[in-house]
Amino acid sequence: MTATTQSASTTAAAGSGVRARLSGFFNQDVVLALLVVTLTIFVWLVNPRFLAQRNVLDMLNNSSYIAVAAIGMTMVIISGNIDISVGSLIGLLATISGQIAIGAQDGGYPLWIAFIVPLFVGALIEAFIGFLVAYLRIPSIVVSLGMFSILKGALILWTNGVWIYNLPDDFMLAQQAPLGVPVPIYFMVILTILAALWMKYSATGRAIYAVGGNREAARLSGISEKATIMKVFIINGVMVGIASILFATQFNAIQSTVPPGLELFIITASVVGGVSILGGTGTVIGSTLGSILLHVIRFGMQFVDVSQYWLQAVQGILILVTVMVDLLRRRRQSYSGRG
Amino acid sequence: MAAVEQQPLQTETFGQRLRAWLTRLVISQEGILLIITIIAMLVLSTQSDRFLTARNLTREAVLLFEVAMMALPMTYIIITGGIDLSVGSIFGMSAIILGFAWQDAGLPLELAIAIGILSGMIAGFVNGLFIVRVGVPPLIMTLATLALYRGMALGISQARSARGFPDWFYEVGRGDFLGLPWQIWILGAAILISAIVLARTSFGRGLYAIGNNELGARFAGIPVDRYKLIIYTFSGFMSGVAAWIFTSRVSTTRSDMGTGIELDVIAAVVLGGTDIFGGSGTIAGTVIGLILIQVLKSGLLLSGVKGDATTVMVGAVLILAILINNLVGRFRS
Amino acid sequence: MEPILQLTNISKRFPGVQALDGVHFDICPGEVHALVGENGAGKSTMIKIISGVHRPDSGEIRIDGQPVEFNNPREATERGIATIYQELSLYPELTVAENIFMGHAPSSQVGPFRKINWGEMFDRAQEILASLNIHDMDVRRKVGSLSVGNRQRVEIAKALSINARILIMDEPTASLTEADVERLFEIVRLLRERGVGIIYISHRLQEVFELGDRVTVLRDGQYIDTKPVSETTEDELISMMVGRTIDNLFPKLPSEVREPVLEVRDLRRRPSVRGVSMQVRAGEIVGLAGLVGSGRSELAQTIFGITPAQSGEIFVNGQKVEIKTPAQAVKLGIAYVPEDRGTQGLIKEMTIRENVSMAVLPELARGGFIDFAREKTLAQEAIQQLNIRATSVQQIVAKLSGGNQQKVVVSKWLASKPRLLIMDEPTRGIDVGAKAEIHRLMSELAVQGIAILMISSELPEILGMSDRILVMREGRLVAEFSRDEATQENIAAAMMSAQMENNHLVMERSAR
Numbered sequence: 001m002t003a004t005t006q007s008a009s010t011t012a013a014a015g016s017g018v019r020a021r022l023s024g025f026f027n028q029d030v031v032l033a034l035l036v037v038t039l040t041i042f043v044w045l046v047n048p049r050f051l052a053q054r055n056v057l058d059m060l061n062n063s064s065y066i067a068v069a070a071i072g073m074t075m076v077i078i079s080g081n082i083d084i085s086v087g088s089l090i091g092l093l094a095t096i097s098g099q100i101a102i103g104a105q106d107g108g109y110p111l112w113i114a115f116i117v118p119l120f121v122g123a124l125i126e127a128f129i130g131f132l133v134a135y136l137r138i139p140s141i142v143v144s145l146g147m148f149s150i151l152k153g154a155l156i157l158w159t160n161g162v163w164i165y166n167l168p169d170d171f172m173l174a175q176q177a178p179l180g181v182p183v184p185i186y187f188m189v190i191l192t193i194l195a196a197l198w199m200k201y202s203a204t205g206r207a208i209y210a211v212g213g214n215r216e217a218a219r220l221s222g223i224s225e226k227a228t229i230m231k232v233f234i235i236n237g238v239m240v241g242i243a244s245i246l247f248a249t250q251f252n253a254i255q256s257t258v259p260p261g262l263e264l265f266i267i268t269a270s271v272v273g274g275v276s277i278l279g280g281t282g283t284v285i286g287s288t289l290g291s292i293l294l295h296v297i298r299f300g301m302q303f304v305d306v307s308q309y310w311l312q313a314v315q316g317i318l319i320l321v322t323v324m325v326d327l328l329r330r331r332r333q334s335y336s337g338r339g
Numbered sequence: 001m002a003a004v005e006q007q008p009l010q011t012e013t014f015g016q017r018l019r020a021w022l023t024r025l026v027i028s029q030e031g032i033l034l035i036i037t038i039i040a041m042l043v044l045s046t047q048s049d050r051f052l053t054a055r056n057l058t059r060e061a062v063l064l065f066e067v068a069m070m071a072l073p074m075t076y077i078i079i080t081g082g083i084d085l086s087v088g089s090i091f092g093m094s095a096i097i098l099g100f101a102w103q104d105a106g107l108p109l110e111l112a113i114a115i116g117i118l119s120g121m122i123a124g125f126v127n128g129l130f131i132v133r134v135g136v137p138p139l140i141m142t143l144a145t146l147a148l149y150r151g152m153a154l155g156i157s158q159a160r161s162a163r164g165f166p167d168w169f170y171e172v173g174r175g176d177f178l179g180l181p182w183q184i185w186i187l188g189a190a191i192l193i194s195a196i197v198l199a200r201t202s203f204g205r206g207l208y209a210i211g212n213n214e215l216g217a218r219f220a221g222i223p224v225d226r227y228k229l230i231i232y233t234f235s236g237f238m239s240g241v242a243a244w245i246f247t248s249r250v251s252t253t254r255s256d257m258g259t260g261i262e263l264d265v266i267a268a269v270v271l272g273g274t275d276i277f278g279g280s281g282t283i284a285g286t287v288i289g290l291i292l293i294q295v296l297k298s299g300l301l302l303s304g305v306k307g308d309a310t311t312v313m314v315g316a317v318l319i320l321a322i323l324i325n326n327l328v329g330r331f332r333s
Numbered sequence: 001m002e003p004i005l006q007l008t009n010i011s012k013r014f015p016g017v018q019a020l021d022g023v024h025f026d027i028c029p030g031e032v033h034a035l036v037g038e039n040g041a042g043k044s045t046m047i048k049i050i051s052g053v054h055r056p057d058s059g060e061i062r063i064d065g066q067p068v069e070f071n072n073p074r075e076a077t078e079r080g081i082a083t084i085y086q087e088l089s090l091y092p093e094l095t096v097a098e099n100i101f102m103g104h105a106p107s108s109q110v111g112p113f114r115k116i117n118w119g120e121m122f123d124r125a126q127e128i129l130a131s132l133n134i135h136d137m138d139v140r141r142k143v144g145s146l147s148v149g150n151r152q153r154v155e156i157a158k159a160l161s162i163n164a165r166i167l168i169m170d171e172p173t174a175s176l177t178e179a180d181v182e183r184l185f186e187i188v189r190l191l192r193e194r195g196v197g198i199i200y201i202s203h204r205l206q207e208v209f210e211l212g213d214r215v216t217v218l219r220d221g222q223y224i225d226t227k228p229v230s231e232t233t234e235d236e237l238i239s240m241m242v243g244r245t246i247d248n249l250f251p252k253l254p255s256e257v258r259e260p261v262l263e264v265r266d267l268r269r270r271p272s273v274r275g276v277s278m279q280v281r282a283g284e285i286v287g288l289a290g291l292v293g294s295g296r297s298e299l300a301q302t303i304f305g306i307t308p309a310q311s312g313e314i315f316v317n318g319q320k321v322e323i324k325t326p327a328q329a330v331k332l333g334i335a336y337v338p339e340d341r342g343t344q345g346l347i348k349e350m351t352i353r354e355n356v357s358m359a360v361l362p363e364l365a366r367g368g369f370i371d372f373a374r375e376k377t378l379a380q381e382a383i384q385q386l387n388i389r390a391t392s393v394q395q396i397v398a399k400l401s402g403g404n405q406q407k408v409v410v411s412k413w414l415a416s417k418p419r420l421l422i423m424d425e426p427t428r429g430i431d432v433g434a435k436a437e438i439h440r441l442m443s444e445l446a447v448q449g450i451a452i453l454m455i456s457s458e459l460p461e462i463l464g465m466s467d468r469i470l471v472m473r474e475g476r477l478v479a480e481f482s483r484d485e486a487t488q489e490n491i492a493a494a495m496m497s498a499q500m501e502n503n504h505l506v507m508e509r510s511a512r
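First to last, the protein sequences are chains A, B and C. The first sequence begins at 1 in the numbering used here and counts up one residue at a time. The second sequence begins at 1 in the numbering used here and counts up one residue at a time. The third sequence begins at 1 in the numbering used here and counts up one residue at a time.
Hints in this document: simulated from the structure, not taken from any laboratory. Be a bit skeptical, because a hint or two may be false.
[What the hints assert, rightly or not] Calculated lysine-lysine pairs in the DSS-like style (CA-CA distance at most 30 Å, straight line):
| no. | chain 1 | residue 1 | chain 2 | residue 2 |
| --- | --- | --- | --- | --- |
| 1 | C | Lys142 | C | Lys227 |
| 2 | C | Lys142 | A | Lys200 |
| 3 | C | Lys142 | A | Lys231 |
| 4 | C | Lys227 | C | Lys252 |
| 5 | A | Lys200 | A | Lys226 |
| 6 | C | Lys324 | C | Lys399 |
| 7 | C | Lys417 | C | Lys399 |
| 8 | C | Lys348 | A | Lys226 |
| 9 | C | Lys399 | C | Lys48 |
| 10 | A | Lys226 | C | Lys142 |
| 11 | A | Lys226 | C | Lys48 |
| 12 | C | Lys348 | C | Lys320 |
| 13 | C | Lys399 | C | Lys376 |
| 14 | C | Lys48 | C | Lys435 |
| 15 | C | Lys48 | C | Lys227 |
[Unchecked claim] If the Cβ cut is set under 8 Å, some of the chain B residues that face chain A in the computed set are:
| no. | residue |
| --- | --- |
| 16 | Thr145 |
| 17 | Arg150 |
| 18 | Gly151 |
| 19 | Ala190 |
Every residue gets a Cβ at the ideal spot worked out from N, C-alpha and C, and that includes glycine.
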């Protein structure tokens with residue numbers, strides 16, 4: 001046992017400095033960014049129109065609400081849980097927002113309420129999920145699967161699938177573009193930076209990693225696992241709220257049904273962004289890059305003339321590949337850790 | 001303690017045993033469920049005299065067919081502590097491949113049916129293979145293939161549907177045998193076989209052992225990996241069969257067929273008392289769970305709720321069932 | 001010098017075992033006090049009592065002469081006691097500095113938020129490492145990317161960040177390379193000079209002589225003696241550690257040793273089994289001795305197909321066989337009573353009936369269908385034959401006592417009518433009565449012609465039961481004794497005294 005480590009460590013000692021710097025540089029975020037760039041260049045070579053300014057902005061704009069929702073999802077997954085219900089929740093909150101906006105138009109109350117209420121409702125519903133997961137110890141997959149269909153059904157009950165039209169112009173937040181850049185992109189960039197800093201430097205942010213990475217050790221260090229999981233779901237609710245507003249205000253009508261497969265798209269973005277589905281690792285910068293990567297793929301498929309219908313299959317393969325890379329990495333780590 | 005130990009093994013009287021059996025039945029998940037189901041059915045029959053008719057009941061049974069077919073292997077899988085989220089996607093993909101093989105590839109329909117079912121089996125086998133050999137957690141593996149298989153359905157079909165099958169193809173989905181729809185016979189046989197295999201064979205015993213303590217099962221020489229491969233493949237097979245018969249009933253294949261059906265399947269299994277963490281559960285429980293969900297659904301429909309909105313109830317029932325299971329579990333121990 | 005920590009007359013009982021019985025221990029500032037004893041001697045229990053994980057049933061703990069009581073590990077930490085366990089408890093995804101300050105990061109309250117003062121934390125982490133003469137570690141690096149030796153240094157720094165006055169090190173060198181061991185020793189000496197009291201637990205006696213000031217020996221939960229290291233020798237320590245008299249608990253019956261049932265040649269499975277060749281013959285009980293981590297259980301599990309061999313040959317009854325899964329091993333007539341009853345040996349949530357039949361389901365079943373009547377008979381016979389105390393065959397195994405649970409495991413494997421029975425710690429944690437019954441049974445089975453390979457950490461058990469004794473160290477067999485030549489001393493010496501030349505040999509081999 002000693003011997004294997006011995007021979008390994010002598011070589012490691014020599015090369016460790018260089019290798020550490022290299023492996024530090026080639027983390028998932030950088031790999032993803034390189035992947036986005038490579039893919040972009042590839043599609044551009046096939047079809048130069050791909051890099052038209054309008055198309056790039058469109059692509060980023062479309063990534064934005066996914067990226068914002070993926071920030072929350074990333075935290076949930078890092079804490080060792082999952083949330084399937086976000087697709088339905090975005091649909092529901094978007095509808096709530098739209099209805100309030102129409103109400104505001106008719107008078108009585110100011111429009112900004114339409115932007116605030118979804119955040120609270122999102123936080124409230126996710127708090128309920130968090131409560132069931134943290135305090136009643138029901139697996140998050142089951143709770144959120146149940147919640148997914150409750151919210152979906154509730155939305156249909158409420159709207160009967162009728163679309164919302166005649167929204168006030170002021171409501172169209174996502175269609176505005178100060179300095180030529182659409183608003184959702186600002187949200188994506190600013191929220192990603194804020195969340196990344198918060199995850200890295202705040203006590204709660206670190207606690208999320210601790211809970212997802214080593215539950216027992218987290219408990220021994222005096223971190224409250226339950227409170228941390230509650231917080232994670234509540235923050236996720238707020239993020240989903242913001243995402244739903246960006247979603248609701250991008251077109252002149254709100255679909256008021258649940259966009260199919262949306263939750264899967266968000267989970268894929270997180271996972272592809274290097275969030276280990278086993279909990280404990282990952283970054284929000286990665287998940288945002290993941291969202292952008294997915295959209296580069298999606299738009300790129302159009303430009304190189306591959307049918308959109310294959311997109312979901314690509315998603316599935318992306319998840320599988322990332323998960324397997326993660327598993328292999330972990331296996332190697334635990335092997336060298338054992339010495 | 002000593003007194004208990006000394007008690008000889010065979011001296012319980014018949015009365016004691018009957019009472020013990022009855023108590024066990026009533027506080028068992030199946031017992032509680034059965035009572036709830038019967039009450040729900042009685043309430044519904046007072047609401048509408050169309051409900052408790054033979055015609056309506058067979059119609060309900062046909063509606064429940066696809067979910068029920070998938071719930072049987074799902075019971076096995078959840079008993080081992082796994083899960084299969086991809087059943088709905090396998091269902092959709094099998095149907096599309098069936099249609100594609102017949103309409104686009106021009107194969108004989110009989111062969112197309114076989115290929116459709118086989119593709120379901122392969123899809124399930126791939127799930128099992130990655131779970132067993134690579135060690136991907138079932139939740140993640142089947143989440144990824146939920147996207148992948150649905151994507152294949154979309155990609156292969158390019159969202160076009162196959163239709164215009166020859167008449168004989170519709171027999172199994174819409175025809176009767178001895179006065180009852182084919183679905184009831186097929187489902188009945190499937191339930192019977194699954195129940196017997198789970199309760200009476202060494203395979204079934206192995207599934208419980210895996211769910212309670214996988215390492216212990218491995219150390220006892222139970223072929224854990226092979227059993228897991230079998231159940232995920234079985235799950236794919238049943239999804240494939242369900243897809244064939246569903247296509248026969250609705251006469252067309254669509255790539256979004258079965259979207260979200262995994263929820264109904266899992267809800268029925270968990271409602272039927274199968275522990276989501278593995279180790280316990282029965283086919284009887286799952287069947288009662290299926291019936292209860294169908295009864296509640298048709299109750300909502302009868303009271304004028306639109307079709308898609310019944311998912312509210314399925315979701316609520318799923319969460320409530322686990323909550324109650326938790327509480328009852330604490331009470332029992 | 002006045003001791004910082006003093007334990008007097010500490011006793012602790014767990015269900016079925018007296019883990020500690022009237023143990024004394026003390027430690028002075030600036031002292032390395034080594035704690036030695038065989039597996040199960042009570043060392044772990046003692047450090048868990050010192051670090052507040054367990055509470056003693058009786059006895060007194062004093063810190064600086066004041067009696068104290070710890071209700072949880074936190075309270076011990078607050079009194080300056082830090083423990084470095086064998087399995088390091090770090091977060092791989094967090095930085096070195098965060099791990100050092102986990103749970104007590106320098107922070108300030110900003111409104112409703114607790115803000116970590118990052119600059120201060122990095123600076124202080126750097127200072128602590130520097131004070132340990134560690135200058136080559138970046139405190140901003142993730143712990144997951146560090147070597148095992150470096151992780152351990154982080155653990156030590158973590159202990160210092162709470163100003164630990166007593167540092168407990170449990171087998172700190174178990175997974176270190178030689179270079180790392182040297183650095184560790186330097187750090188330990190540094191801490192000693194600084195007045196930290198160090199409780200040092202190790203199986204490697206030469207480390208005790210290199211580092212220790214005093215050494216305390218425990219045996220079977222009893223306090224044996226405390227001596228200055230300069231006044232003792234390796235031989236004396238070994239005989240104190242093992243010096244039990246062999247009582248007549250084990251009535252080994254004479255049995256006729258016949259043809260070999262199992263033979264393995266140069267069996268290898270990295271990292272724990274490194275070329276083992278041996279035979280076990282019908283009618284023979286072979287005792288396999290060795291320290292924890294010497295590869296004994298791993299060898300058993302390789303033979304049983306749980307971790308199949310990577311190279312080497314296995315012969316059963318003279319036939320060369322491949323064993324890739326436990327199911328194959330069972331078919332060949334091999335049975336394995338594993339070390340850990342709860343997770344490996346039993347499905348505790350299931351009934352006695354279901355557990356007893358677990359390994360023979362294929363034989364009990366006709367066309368896949370289990371014959372429930374035969375299954376019930378089988379379980380009833382097991383209950384009678386092994387005298388299992390249970391209300392019925394339907395009783396859930398979790399509700400049985402340890403000894404009766406072990407009997408269920410044994411009867412499960414007897415049902416498979418094995419030719420070779422491997423028993424891994426067959427009597428660990430069970431009461432004296434059940435222990436004697438299991439020993440009697442083993443003896444009878446050998447007379448019936450079953451080959452038995454028994455792994456045990458209790459030397460009296462090895463000496464009492466075995467016809468032949470093999471000793472394993474670092475994945476290889478290092479000694480063999482016949483029943484007549486074996487003594488506690490020569491077995492223990494073979495188990496423990498890791499001579500450097502041997503180490504080099506192993507290194508060269510695996511480097512190839």
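Verification of the hints:
no. : hint                  : result
1   : C/Lys142 <-> C/Lys227 : violated, 42 Å
2   : C/Lys142 <-> A/Lys200 : holds, 12 Å
3   : C/Lys142 <-> A/Lys231 : holds, 25 Å
4   : C/Lys227 <-> C/Lys252 : violated, 37 Å
5   : A/Lys200 <-> A/Lys226 : holds, 20 Å
6   : C/Lys324 <-> C/Lys399 : violated, 34 Å
7   : C/Lys417 <-> C/Lys399 : holds, 27 Å
8   : C/Lys348 <-> A/Lys226 : holds, 29 Å
9   : C/Lys399 <-> C/Lys48  : holds, 27 Å
10  : A/Lys226 <-> C/Lys142 : holds, 25 Å
11  : A/Lys226 <-> C/Lys48  : holds, 26 Å
12  : C/Lys348 <-> C/Lys320 : violated, 35 Å
13  : C/Lys399 <-> C/Lys376 : holds, 19 Å
14  : C/Lys48 <-> C/Lys435  : holds, 27 Å
15  : C/Lys48 <-> C/Lys227  : holds, 23 Å
16  : Thr145                : holds, 6 Å
17  : Arg150                : holds, 5 Å
18  : Gly151                : holds, 3 Å
19  : Ala190                : violated, 25 Å
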